[in-house]
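Engineer: Chains as they are written, first to last, in the working numbering: chain A, 1 to 418; chain B, 1 to 418.
Take every hint as true, because none was put in to throw you off.
Lysine-lysine pairs mimicking DSS-like chemistry, simulated, CA-CA at most 25 Å apart:
no.: 1; chain 1: B; residue 1: Lys111; chain 2: A; residue 2: Lys227
no.: 2; chain 1: A; residue 1: Lys92; chain 2: B; residue 2: Lys354
no.: 3; chain 1: B; residue 1: Lys227; chain 2: A; residue 2: Lys111
no.: 4; chain 1: B; residue 1: Lys350; chain 2: A; residue 2: Lys103
no.: 5; chain 1: A; residue 1: Lys111; chain 2: A; residue 2: Lys92
no.: 6; chain 1: A; residue 1: Lys227; chain 2: B; residue 2: Lys194
no.: 7; chain 1: B; residue 1: Lys9; chain 2: B; residue 2: Lys151
no.: 8; chain 1: A; residue 1: Lys354; chain 2: B; residue 2: Lys16
Calculated from the structure, these hints are not laboratory results.
Residues per chain, in single letters:
Number of protein chains: 2
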Amino acid sequence: MSLSVRILKTAQAAKKASHQLASVPAKERDRALRLMARAILAGRSYLIKENSRDLAAAGRAGYAKALIDRLTLTPRIIQGMADSVRATVRLKDPIGEDLGTFKRPNGLLIKKIRVPLGVVGIIYESRPNVTSDCAALCLKSGNAVLLKGGKEAVHSNKAIFKVLKDALSSTSVPPQALQMIDPVDRRAVQELLKLEQYVDVIVPRGGEELIRFVAENSRIPVIKHFKGVCHVYVAARADLQMARRIVLNAKVQKPGVCNAMETLLVDKAVAKKFLPAALADLKKAGCELRGDAATRAMVRGIKTATQKDWSTEYLDLILSVKVVDGLQEAVDHINTYGSRHSDAIVTSDKAQAKQFLEGVDSACVYVNASTRFTDGYEFGFGAEVGISTDKLHVRGPMALEGLTSYQYQIYGQGQIRT
Amino acid sequence: MSLSVRILKTAQAAKKASHQLASVPAKERDRALRLMARAILAGRSYLIKENSRDLAAAGRAGYAKALIDRLTLTPRIIQGMADSVRATVRLKDPIGEDLGTFKRPNGLLIKKIRVPLGVVGIIYESRPNVTSDCAALCLKSGNAVLLKGGKEAVHSNKAIFKVLKDALSSTSVPPQALQMIDPVDRRAVQELLKLEQYVDVIVPRGGEELIRFVAENSRIPVIKHFKGVCHVYVAARADLQMARRIVLNAKVQKPGVCNAMETLLVDKAVAKKFLPAALADLKKAGCELRGDAATRAMVRGIKTATQKDWSTEYLDLILSVKVVDGLQEAVDHINTYGSRHSDAIVTSDKAQAKQFLEGVDSACVYVNASTRFTDGYEFGFGAEVGISTDKLHVRGPMALEGLTSYQYQIYGQGQIRT
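Model the full assembly from the supplied sequences, consistent with the hints where possible.
Structural biologist: Here it is in structure tokens:
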């Protein structure tokens, strides 16, 4: 069978299963998830054995340590995968929720009811736990899922997939609702992206290059973020001790993720007082600093930030720093160079906080907290299938609600239009 | 200035105005709309004069009567345009609505707040009233709007646009929030569709060919329906008198619109009893009938429906008719050949109604009512910018809510991630 026919058949089977899944009750979907969690734990040694094949290949290929870390399955990580599936079970079933019922003067009763999207395609890299996280969220929300992992994790993903699929066999969730596409190469992705008739949404997770490839080649709607260029703005009336803690946390606690700070903006009213100590914290934590002229005039030993720095997602211990002339300049800088992901203001001034929230056009805007909280777990959504910087359909962490649409169900007594 | 630079500058100006508009209070946006309504009425003779230039050109070009009807502005239609703007004023302001506030165990307060989309591009054909309807809905919901009408309505649209824009001059709504792109040709649309940095969503309104062109050429997300192949299924336990009224209404009351019925499905249990009278009604109303073998065996003088008929949007007094062997065949037929727009069941059986609603994967599903009710006015949404058969973001009539996104506004007291 050719690649394109194989992927077409996979997508068609998923679509068919999604229609069957629409009538599987929530209780049974939850039971399937509990069996999946149990199967993950029971399959621990099999998963670790298959994972070791990927790790060996990664070693031979000389992959970077960060990638190998992301790829590695340990008993603790496997326990975390099962826990995450169980946490998803405990979330409220989104399907069938009444999103607003209203009656028209002609007697028509219009119900807006939450329904599954249908078939969700997830295209991801390296982390094998995405396989079980996304499978759980999609089945919980009544969707069929097409999983397409990276080739570096092929054996791990196949093993997790097999364990999950076997767990469905004693439930009334159709096993075809869970599909995996072999990570041959980009051609498989290209074929998948043409199947708008069978796949309702694509969520790419991974590096910017992968996401751009998906966005540019897809006929299916894509939910995504290209990158996270997140800012912390330390305002004129900030609690500077709080600001130091937030700035340090937002940059160094986990620098390789999309919600880490990449640019620090400091109001000129507090720059002299704030920058020396705050930048010393960051240097001590191993952070390379790149500043504008005003910053460099106040603190020694800082590289020059170029125009390119303001829109760069370092994903590393590097920070660009700029002194701004008031809140409006901070807002304009963020809207110009940011990525509409997560941005924070540190201030004790409520009016300024409001102005910042209204002015910054990003999915998540923070007052007096670290940008690092933008994720599904931290929001209490369970795992997440992705984080969206799009404005349509879903913004920020995408989990159960983001995996649903709605349908108008209209009840009449013979009404006709006149 | 080249076409591409001109359109780029227009979109940039709209984006800038959308940021300003974000802080214009609802009261002032409403005042602007009231002034717009007044200006439409005050400009009546100017609008009719400019419209006559389009009508003269349409006459010279020998356009079809239906198109000329859609193009014509009369005092009554102009009054309707003003009334529609005023009805939009009376709708609830969607902006700032709290869509759910929750507190996390770490003390973070997360507010999900409704915000405007930003810049909305509307690409439409013939009907000049779309200009004022869409301008009103977009400004009411805090969005800037880029209007691109058809060349057949160029003078009418320009005149309406001028009247509306002048009305904004004494308000704090930035006039740049209202933009019109000259209908040079398709190149203007192509240029616009590249500007994903400045335009947040595109809504094409018009024939299937225009919509496919937009969907295939856009880097900006598109909300749309390609066509409306709507069904009425007369079930085994239908009130057959009610079914006759609904079927006749859904087909003939206004056959040229997307929510009119194109295929009638009749359960074999009632076909013999129902079809002769119902099809006689339709013939009497001037309707051409195309039936499957079972239909033709029961009623004389009906053409043969081909495979192609089942997926055809006639937009005319033509109907395809099929006898089905029970509800499941009806649901499968609709999901296979329909366009996920609006489909109805006529039945007195509540269990069957539920099964139909759950099984049919369409934006609007009706029980015992005509499909003709799928529109913004009939739903009480005011006018509509379009009707969506997409599953993401908005489904069915798209009005104020569909013109919004949301933002997570997160309030902390110095929380950092550990």
